[in-house]
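Visitor: Sequence:
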Amino acid sequence: MKTGTPGFQAKRLVDARDSRGLTQIALAEMIGRKSSAISRWESGDHSPEPDALDALATALRLPVSYFLRSELEHGARPMFFRSLLSSTTQGERKRARVRLRWAQDISAELQEWVDLPGVDIPSIAAKDHRDIRDEDIEAAALECRARWGLGLGPINDLLLAIENAGIVVVREEVGTSKMDGVSNWSDLDNRPYMLIASDKATAVRSRMDAAHELAHLVLHRFIPSKSLNGSADFKEIERQAFHFAGAFLMPAETFSAELWTPSLNTLLALKERWRTSVGAMIKRCVSLEIVEGEYERRLWKHYSARGWRKSEPLDDTLIAEEPRLLSRSIRLLLDEGVRTRADLIADFRLAEADVESLCGLPVGFLSDAKAEIVPFPALKTKTPSAATRDNVVPLKPS
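Residues in the sequence shown are numbered from 1 upward in steps of one, following the UniProt record's numbering.
The set of hints was computed from the structure by calculation and includes no laboratory data.
Owing to the predicted nature of the structure, the values given are computational and were not obtained by experimental measurement.
Heads up, some of the hints might be wrong.
Dumping the calculated DSBU-like pairs for lysine-lysine here, alpha-carbon to alpha-carbon at most 35 angstroms [claimed, not checked]:
#1 LYS235 - LYS34
#2 LYS178 - LYS226
#3 LYS283 - LYS178
#4 LYS200 - LYS178
#5 LYS127 - LYS34
#6 LYS226 - LYS127
#7 LYS226 - LYS200
#8 LYS226 - LYS94
#9 LYS200 - LYS271
#10 LYS200 - LYS283
#11 LYS301 - LYS200
#12 LYS127 - LYS301
#13 LYS94 - LYS310
#14 LYS301 - LYS271
#15 LYS301 - LYS283
#16 LYS235 - LYS301
#17 LYS178 - LYS271
#18 LYS235 - LYS127
#19 LYS283 - LYS226
#20 LYS200 - LYS310
#21 LYS11 - LYS283
#22 LYS310 - LYS283
#23 LYS301 - LYS178
#24 LYS94 - LYS283
#25 LYS11 - LYS271
#26 LYS94 - LYS235
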């Protein structure tokens, strides 16, 4: 790298631009430079001069320190996007990828001070999705419930159960209603992460999205990235994830026992209890062979006739669940006086607004000295360098 700013990390600039949904041309116009300059900086051939770096930081709404921090090694395991390959742009997927990486960076910093719940999820060892049978999927869904002590009834708070199993969850707007979520295993802490899109999402849709991402983390942990390139393979992987989500949220034994007749009115009556959409319940009935053929077609026909493809009854009354783990960890550090807001922003090297959004904190929380602080679990009892990772306190319902 030639003249410019010592320590500048080219990949950080690429990620920052992707996170804001900007092209090289658009960013160049914002700082009064040529797009070729942006290209050289991102390739690592040159680094920006201090004044240019200041301009980049201002345009991208990030501190200068962000661009000087080496990337953390989260590994190259695949990211699973819940969206059709053709329905989202490359830019939208890049933005979601960066947002999840930033959440992983935040989590890594927090784990220097706070013990998160240990990871406790089953996994299928298959390295080829074609080796995963529907029976394996049903069994994996039941094993998750058994490990987490959920029984076979409706899950009251799905995100709480997921976070108590050591999975870090982010729920925020991703800028498009065509993408529902993304998940990934980080090699840095060997921990699974998921980002759930809140764009136009109802409570039941968010729960299905979370269960769908959980499916990828359980079923497809060892599936290579190349399996996601082909449309047929991608479609089958998504089908498997949806099957798992249905089996996890609606176990065959108990759900079918409550379904006295598979009519739209009956399914609607079960919606509030099981907190899944009527559409998802129809698909679960199909997978359990409760309905099929002409009866299934009639169900979907009447479903559409009622206008439920756009919005179902109760969609505007059921309240979406929110993640707690990252926000409560931050509140703990502040409440115990271990870190100040300024300390945390310096640790994360991100803008306050980005941290607040990714961690589910109120807008202005990190810049408002009067923001309310709520206690959370115990801090590490050892210094970060010597601390173990198994001393955890599970989250509890708020």
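Visitor: Mind listing which of the numbered hints don't hold for this structure, in increasing order?
Guide: Failing hints, ascending: 1, 5, 12, 21 and 25.
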